[in-house]
Each structure stands twice: as structure tokens, then as C-alpha cells.
Amino acid sequence: MAMDGIMSTSTGLSYSNVGEFYPRKFGPKPDVVPSGVTERKVGPLDKPDMVSVDVLNLQNPDVPMHRKKQEHDTYVLGTFHPFRKSNRSVVGRFLQEVRLVASDRRSWRILLFGALNLLCTGCLLMWCSSTNSMALTAYTYLTIFDLFSLITCLISSWVTMKKPSQFYSFGFERLEVLAVFASTVLIQLGALFILKESVERFMEQPEVHTGRLLVGTFVALFFNLSTLMSVRNKPFAYVSEAASSSWLQEHVADLSRSLCGIIPGLSSMLLPRMNPFVLINMAGALSLCITYMLIEINNFNAVDTASAVAIALMTFGTMYPMSVYSGKVLLQTTPSHVIGQLDKLLREISTLDGVLEVRNEHFWTVGFGSLAGSAHVRIRRDANEQLVLAHVTNRLLPLVSTLTVQIFKDDWTRPLLTSALASPSVAHPQAESYTASSLMPPVLTGGELDPLTSTPTKLSSPPPEFSFNTPGRNVPPVLFAAAGPHTHRPYGNLGLAYGAVPYSGMPSQGLMRPGAGLGLGVPGMGAGFGLTHSYGTDFSSSRAPLRFGTNNPLGLQTQYRQYQP
Amino acid sequence: MDEKYSSNVLSGGKLGMVEVPDSRLTKYIALLIVSKVLKALGVFESYDILKFVHIVQFIFILKLGSAVILLFFQKPFSSGKIISKRQWIKLAKHAVFSCVVSLLGFFGLTLCGPLRTLLLFEHADVVVVALLSVLFTNSGGGPSKTRGAALFIIAVICLLLFDNDDLMSKMGDHPEGHHDSALTHFLYTAISFLGVADHKGGVVLLVASLFLKVGFHTAARKLSVEIGGSKRLYALDCLVSAAVLLPWVIFLSVTTESKVESWASLVFPFSMVIFSVMILEFYVDAVCSAKMEAPRCARYGTFALFSSGLLLANFWTHPLTDQIRSMSIPPKLVSTEHVLSGGVMVSAIFFLMSSSILAAPSKKGQKGTLVGYSPEGTPLYNFMGDALHHTSQSLPRFISDSLKQILEESDSRQIFYFLCLNLAFTFVELFYGVWTNSLGLISDGFHMLFDCSALVLGLFAALMTRWKATRIFSYGFGRVEILSGFINGLFLMVIAFFVFMESVTRLLDPPNIDTDMLTPVSVGGLLVNLVGICAFSHAHSHGGKSCSSHDHGNSHGEHSHSHGGHGHSHGGHGHSHGSHGHAHGSLTGGMNANMRGVFLHVLADTLGSVGVIISTILIRQFGWLVADPICSLFIATLIFLSVIPLLKEACEVLLLRIPPEHEKELNGALEKIDKLEGVLSHRDAHFWRHSANMVAGTIHLQVMSDVVEQRITQQVTALLKDAGVNNLSVQVEKEAYFQHMSGLSSGFHEVLAMTQQMESMKYPSDGTCIM
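Residue numbers (the UniProt record's numbering), protein chains in the order written: chain A, 1 to 565; chain B, 1 to 771.
For the record, the hints were derived by calculation from the structure and aren't laboratory data. A quick note: this is a predicted structure, and the numbers were derived from the prediction, not measured. Incorrect hints may have been included.
Derived SDA-like pairs (lysine to any residue); straight-line CA-CA distance at most 20 Å [to be verified]:
(1) A/Lys163 x B/Glu502
(2) A/Lys196 x B/Leu419
(3) A/Lys196 x B/Lys721
(4) A/Lys344 x B/Cys452
(5) A/Lys162 x B/Phe425
(6) B/Lys721 x A/His376
(7) A/Lys196 x B/Ile472
(8) B/Lys721 x A/Phe408
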């Protein structure tokens, strides 16, 4: 429904979407190695890219900003249109985004309520000035907050339709968070303003007219509650659930628990956590009623100021936890509720074979809920990077959806010297691997390469990787014989059970290796499923327990020696 | 059900200590209630006596009388161990303190009347300790205690604000000759210095002396152990304090003539007061606290005391009670003194509720250690005072530490100095306003305070930025200042909005403005803010010397100024867009978002002062009353327009946009990365500015199977570092990775996704093989 809106306007968008996952140079990539070729291919392919950059440059950055503005000062916006008219396209694009949002039926309801809200707020503000009541003003700000929350709701529905753009590579989910943060902070600033005004009023209390006070209260209460009930506000519902409970909620929970001691029947109604917005609306209305009563009976005008202070404080109490929560999301912090889980996973990772340590781990939430993160994993020199990467990713991916794991080794440059010598001399990568292996000192059974690497049995498979750090790639078949019984494990079923059987749990390092080597050890079986070639990587590590046992420094030295011809 | 939920609505929960059932304690409770009722009676009585008798004489007589009785009962000299000389000295100190406490208490009684004194002064120690622990420690004991403390404070505020004790304020303008002694005179002057009515001063005095009393009781506990029992201490204390007061009393009776006609008629009331206030209450309290636990004692006692006080206050002036009263008083004096008002009623109810909540044993917040099980099988806990375990940094040390931190760096130093200047100006304004009783000045002072909160926010953010990274804030706290800049931007938006609204209402109905007072204030404000602008832009030019963004802040400031002068909105708009291009760089440069927010704030204030001055001149010269709202409209617009770039940039950073100033380099770097030898493609390239000096990034690279990952990582890192990314994670994937992953992942969808990604790699590698 909304898609045609995107398509018609931004042709670049679809491109960029594809571009994320299907990188540009697939076509010409085959001629990989020579550097001259790569230059040639870049020209025509990158041209559209630049165009799309320009389009997006105009398109995207303005949109969230616009939303923000509308959210901040809805009243002010009307007057400031003349200033923005100069940038015609901005308004046009804004309208177009509005059309995009409006294409959804649900947002119609939000817009309707927004219009009603504007009406109601205007009415209430007029009444505020006519009654001269600070408490009603403070209560009106809650209505304005409702307006903000409706706008947030619109934004969140817009966000779900929007795909990540080139500039906002994480997508616009954070806009939702920002909107929640901005509206809670704005309402708190309003409460601060109320506090300041009230302090000034304590100096000289003006007369409060009670005529419209109660009417205004009930109009606002009715309106707020109906908005809360009828519009499903996803971001605010989430934040109010996830954030720590406000002091108002705590007190009400405590009171209602005591009340349930007297009337147990109420427990189903009172004991669940109260919605903070409903709570503050009710409490504000209550204090306004008390104000009305006291002013009517005793003419205590100071009660008005006092209840304004009370409402402002309650607003602070209600909004503070939410703005802290959303602010923490904006600050890219690790959410405290996943820390335990993350710690467990990281501990698990650090016990993986070959992993020495995990550092620079950053985990944070993109929008509400979805975690992103990156970590640097230091591994042993002889460990297989791709295997470790796969395992680490596999551990973390269920929790962290946008994950980047950088694998690094400490002393990798040294063995590189040999390959640097070798690589220029040969053009073909496969040949490189051969030469590199032939460069290896024939300490072991140098010439007889194992069948899988030497003979490319499958055309589809890439040249097997050559891991420079592992001299023991030519493994004597002793190990395979030992691992022989394991071959009966369900390897045939598409290789899906690959991780399940030998790798699960990873209780000890030694246990994994026979399993890993196993795939190699049965080359005949490898033909059965297409994934066999991947085990070529594990082959090297299968030798490891013999050579480097438990980080035996002596073993490492001998390994070095092998590389110095 | 009752086990699960507590039965007490107010205090919530009887878990915790196991209480003895009420039935066993009935006689003690009855005794307690009777003694409290008698005490209330005694307090009312003593208020009447104090109208005639000088307060020092009154206390002397009380102490002496109770000392005589206690000597008779307790025989402190004949029993117990002999008191050493040092103990006598301690005893003397103790007696002096007790004299001071009772002096303050009874002086408060003369100011506030008996009922308010009962409400304020006669709280049990447990209640006050609980209140203080809620107010000043973190472990108050759950929300119910907080509620109790809030109720207590509200009750005191009720007494202060809503208790229109008209008669007292009438009596407040007492002639100076009324004061009998130097002491009362001193107290009166102290209260009148505070600038409150007498009975309000009495409320404050009583609250202060309540805390003093509790502190005194706590301190006396050690001495009572030393002396040998609290009863012996009390007897000796009465005696010694009577001796302490003796010279003063003699001096008084010599110098001033007494208002008392006949001491004989006062004998009965005095003995009544001595019996009820001094003797009976002490003994009953001692017995009850031995038999019952202190919280329950406090609950019943307070309840009895307050309700009887309320009743007595209602009937004390009734003609019926006149016959019961031991002392006849001329009726004209009696008429209406400290009558029951709505405020007192409300505050009495609140006091009752709060003391019943605060005195309730708290179930939460206390860390009990299990000591065993009671015969019924309920666990018994030993509750240690939390205060004992609580070690906190001392306040002066904390202040000096944070000051040192603030002064370490230029940003926070600048903000701090300016904040100090601003605060000083504000307080001068406030004091001057209070002194000259001008409301405009006071409200302007509060407005300045309101503005200072933005500075405080900026200062705090500048401090926080330097904190070390923690587990939760894994990138460090650098982002705080962007958030603070954002909040400050919102703040300015709100201010602009309010100014705008107010000017619109004023435009419709221009009020008459008294310009005389405004000018000096606004000139002062302008000066202060100009200093601030100079300081901040100075810092800016220092910090941003190397950056291209240097002239941004200045040009920005100038633009706004010139704009204010000319008043061409379109020109201003063009300007702001012109500086817009620069603005991108400025976030990285000399001025971070936080400082920009603060700077804009100061700028807005300056504009406000300028606007006020201009409008004042216009009004004076031409009598244009419309000038004021139009000026403020302008100012609101200006603030609004000047905030937009800041908000926009902060939003972009918070939304994790690719940093605009690095866009080109990053694109170039990505191209270069794709051209690297062995790199097939990249995906999931995310780059974002984390804080002013950190650009973070993550990228996934697909490489040929035969290249060394570490080399690729190093090259990519170097390339992106040149492009400005200084916190990078590179994930290097070969085809093997996808095969491992599809092997490891169990779900269908993951396999599908993985194979799709693998497909993307297959094609080129196939091509390689074919070629």
C-alpha cells in the first residue's frame, strides 16, 4: 500500500536497499587479482551510485528534522511557515511523507485524535487564562503531552514503512526513540516552567476563578483517557513497560497492596502494574477536584499553586524513568536487562576453541528492542578465523541482530612474509596455495598433500583456504582412524546437523577437533553433500592438539622455526 | 490473604518484627493513653500559666518541683554508685542542654498555642528518626515511609501556609516592651528577622527544637548508662538544671517585677503541670517502652495525644471547661486564641497518619540477619541500623573533589565560572527584590534561576563526558554532551514557545509596563550575559583554532545580533542557511553540542535583555506600548531559528546518521575497500558519530578464500581511519564462514538467509574457477 509512495519518489532507495546486501561489483569481480582490471570496472558501475547519493542527500536528512519540529511546537509551526516557504521542496517532501503515513487507515484515527486534541488544548488554554489557575495549566500540559504521544505514534508508523537509507544505515527506528525522549523531556521542561511560575505565585497569590475549573478538568480527563484507550501507542506502551516504575506507580502499588489486604476482591484490578499515563491523569484530576473544593469552601487560593506544584512533581516522576530509558537507548548503552545474558554468552565465547579473549565489546539497542553490537575477538595464531567467527556469530546472533565481530591475531605478520614472497609470483590463487605449501619446509610429509586440497574434486567449490599458521595441514591419518567411529553420526542430512553434534556445548577443546577433522578424514563422504569443502578449514585445527596442546610455548617456537627456511 | 497483604492501609505490612498481641498489653496501653491525655491537659494548662509567669521562672519551677518529687522517689544519692567529678560535669552540660530544649519548646508554646505545640513538638523519637532517615539516607524503607515523610512535611507546610491564625498575627505587632527578658527578646528579633509572622516563626522554631530534642535524647543515652539508669539521670538532671536556672531566676526576680498577683493561686496549676508533664509521662513512657516495643508505644501515644489535643482545643475556651480549669482567667483574654482552623485540622490528620506510618516497623529496606526461628516457626531477624553500615563520602570532600574536576577542563571551567556569575547576579537581584519588596525583581530572579538550570545541565554534561567507560556505557560517556545539547535545544524551544505565547497575548492586550525598574535590571543582565558570550566565544576561538569551524560560532553570534538590529526576517533566514553549511563542521570542531547549547542559551538571554532595553526606549520615547510584545515576538523567532541547526545536528547524531563531514571520505574509502585485492564486496557498512571525538563504524567484508583476513582487516582499518573512523570493527567473511554458519544454524530461515548471502559470493568465485 505504501510502497508505491516510496517507489515513485525515490528510485535511489530501492537501489540502496539492494546495495546493502548485493554489493556492486559482482559482475566484474571474476578478474579479481590484477589491479588494473579493477580500476576499469569501477567507472561505469559507480556512476549510478553517485547519482543515488545526490538524490538521497536531498531526500532523507530533512525528514526526521521536520518531524521533530512539528512535534516540538505545533502551535508555533503555523506561524513559521512563511520562513520555510523558501525551501519549497522541503514542504513538498514533507507533504509527501504525510501522504505516505496517511495511506494507512490506522493513522487516520491518530490524525483525527490529533485534530481533536488541538481543539481541546486550545480550549483548555483559553480556560486556563480565564480561570487564572496554575493547576489547570499544569493539567493542560498533560493534554499537550498526549498530542506529542500521538505524533510519536505517527512517527512510529512512518518508521515501520521506511527502509534504511544510505545515510541512516540503521534505519529510522531510532527516530521513534528520539520522539519518545523529546516528548518526555519537553513535558518535563513544561513542568519545570510550571514550578518556576508557582514559586513566583507563592509570593503573590492571585485570585483563581473556579467557574471553568471543574469543567476544564473533566474535559481534559475525558479526552486524555479516551486518547489513551482508543489509540494504540506502541512506542509509549513499550517504554512504559520497560522503564522502571515511577514513584507514583510505586506508591499506588503499595497503597493498593494494602487495600487488597482489606478487600481481597480488588486484587485482580489493583495489583497489576498501573499504566503511568492513566495514573497521572487520574491523580491530576483528583488534585484539581480537591483544589476546586478548597477554593470553593474556604477560598484558599494558595491550594491552586500547591496542586500545580503537585501535578508538576507527578509529571516529573512519571516522565523521568521513561526519558532515562529512552535517553539510555540514545546514548548507545548496553541495556541492563541483557547484561546477564550477554555476560553468559561472552563467557561461553571465551571458552571456544582458539579464542583468547573478547575485548572492545559494545552492545547497544538500535530502536526499542533490537540489539546491535560489535566485539573484537583475539584468537590463537593457529586457530581458524572463519570457524571461530562462525561460532561466535552463531552464539551472539540470536540476541544481537546486527552483529560485527572482528577477529584478530597478535602476530600474524610474520608468517605473512612467506606469502608476500609467494603471491606476486603467481597469478592464480589456487596456484598460490600450492606454492605456499611447497615453500613449507618438508618437515612433515611435505609432498603428499591430502587429496582434498590437491585435487579439486568439485568444480563448484572454491580453492581450499590455506591457513598460514598451521603447518600441520598435512595430518597423518592416525587421527582420522581414531575419529572413525564418529563417521556414523548423521552427516548426510544436508550438513545441518553439523554444529549440533560435535560442537554443541563445546565442553572441552579437545572434543571438538576430532569432529572437525572428521569431515576431512572421509573424503569419500564429502561428495555426498555440498558442504564438505568447508571442512578443509578445520583440517588444520585437527592437528593442533598434538602440536600445541595447551599453549605450549615450546610448541610455538618449533612452529616458528618451521617457517624460517 | 492477610498473610499476603498487610492489613494496615496506611503503613502497610506487619511483617518484620513479631509483635505481642494487643490483649496482653491492654493495661499498659490504657495507662499510656491516660498519661498522654493528662499531658495534653498539662500543656494547655501551662500555656495559660505562661501568660503570667515568665518562661524562665516557669521552667525553673517545673524543674525544681519535679526534682523534689523525683528525689523522693528515686533517691539518686543514696542508691547506686557514687558519681564522679567528671560525670558531674557531663551532667551539668546535659542539664544546660535540657534547659535549652525545654526553653525553646515552651517558647514555641507561647508563640503557637498548645494545640500546635502538641502537633509539632510531641513526636516520638522513633518517628523523627524514621523521618530523618527517609529524608537524608537512601535506604528509607520503601515507598510507605516516603509517603509518611511526605505527609509529615505537608502537615508542617499546612500549619505554615493554610493555618490563618489571625489572632496571632494581630498579636504579632507586639510592642517591644512586651518582652520580659533578653532571651525572649532575642528570639523574637530572630523570628522577625526571618520575615514571618509570629506563629509561623513558632512553627519553624518548634520543628527545629523537635529535631534538637531527638538529638538530645539520643546523646543522653550514653550518659544514662554511665550514670546508672535513665530514671536516675532524669532526677539528677532536673535537680542540676534547676540549679543552673537558679541564678537567672534570682536575677530576673530582682530586676523585673512579676505580673503574678498571687503565687498561691498558681500552686495547684503548677503541681498539675509538674505531675502530668514532667513526672507521670516520664514514668509511663519508661514502663511502656519496657513492656512494648517503641514503635507501637509511639503510635498509641501520638494518637492519644493528638486527639485529646484536638478535643481540648475545641473545648478549652468553652464556658463549661472554665469551671474545670484550675485557673480563672479574665474572659476577654480567652476569647479566641489559636482557634481551631481548617489548616490545623488537616495538618493534625496528616500528622496522625504520618506518625502512624513512620512509627510502623518497616518491612522493606532493612537488611535483617536471620538469627533463628521463633517457637511458632516464623523466622526472627536482627535488624541493625542501616546508618551504622552506611559509609558515605563526606560532603566537603565531595564538593572539593567535584570542584577540582570541574576546574580541570576548559569547557566545564567556563560554564562553572559563568554559572557562578549568573547565580551571583540572580541572588543580588533576589535579595534586592526582597529588600525593596519589588515583585518584578523577584520574579525576574526566579526566571534567571530557571535559566541557570540549563547551565547546570551543561556543566553536568561536561563533567560526565570525562567519566571512564563502564560496562553499560561501553563507548564512554562522550555522547552525554550531545544529548545535553539536544535537551538544551529543546529547552530553548520551550522558552521560545512561552515567550511567543506571552507576546501574542500581550499583543492582543498590551499591559501598562513600569519601565523605571526594568532598565537597570536588563542592563545588568545584558552585562552579565555579554561577559558570558565573550568567555564562550573566546574559548571557542581557542579551542577551534585548527578547525575550519572556527568562524562559525562567531558568525552565528554576529548574525543574530545584526539580525536583531535590522529586523529583516528574510535576511536572517538566508544568513542562517549560509552558516548552515559551516554548522556541520562545528560539531566536531572547537565547540561541541553541549557548549553550543549553553552558548545559544546565553545568547538568547542576551537577546532578551537587548529586547527589553530597546522596547523600554521605544516606550519611553514614543509611548509605543506595542513595542514590547513585538520585541518579544522577534526574540522568540530568533531563538527558535538559532536553535534549529543545533537540534538538527544533534538529531542527526542521535539517529546515527553517517557523519556529514566525513561523507565524502567514507564513500571514497568504501570504494577503495572494494578495490582492495581479494575483497569481493562489503555489506552492512554502518558509520556514525558517537561523540565529538569518536566516529564509530562497523563493516562486513566478503573476501576471497585465499587472502589473509588479518591483512585485509589492517588495510581496511587504515583506510577508514584516514576517513575519520576511529572505532572500527571489521568482520571479514570468506565463503567458509557462510558454510559454517549454515551448518551451525538450525532454523530454516537462518539457513535461507545464509545461503542467500553465500550465493552472492558463489557467483564471483564460480567465475574465478571458470576462468
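Here is how each hint holds up against the structure:
Note on A/Lys163 and B/Glu502: the hinted pairing is violated, with a Cα-Cα distance of about 42 Å set against a maximum of 20 Å. As the CA atoms of A/Lys196 and B/Leu419 are separated by approximately 18 Å, the hinted pair is consistent with the 20 Å bound. Between A/Lys196 and B/Lys721, the direct Cα distance comes to roughly 48 Å. Violation of the 20 Å bound is thereby established for this hinted pair. Distance check on the hinted pair: A/Lys344 and B/Cys452 sit about 45 Å apart at the alpha-carbon level, beyond 20 Å; violated.
Proximity of A/Lys162 to B/Phe425 is assessed by CA-CA distance (about 50 Å); at most 20 Å being required, the pair is judged violated. Note on B/Lys721 and A/His376: the hinted pairing holds, with a Cα-Cα distance of about 17 Å set against a maximum of 20 Å. With a CA separation close to 34 Å, the supplied pair A/Lys196 and B/Ile472 exceeds the 20 Å bound. For the proposed pair B/Lys721 and A/Phe408, the alpha carbon gap of about 17 Å is at most 20 Å, so the pair holds.
When held up to the earlier numbered hints, the structure conflicts with 1, 3, 4, 5 and 7 and fits the remainder.
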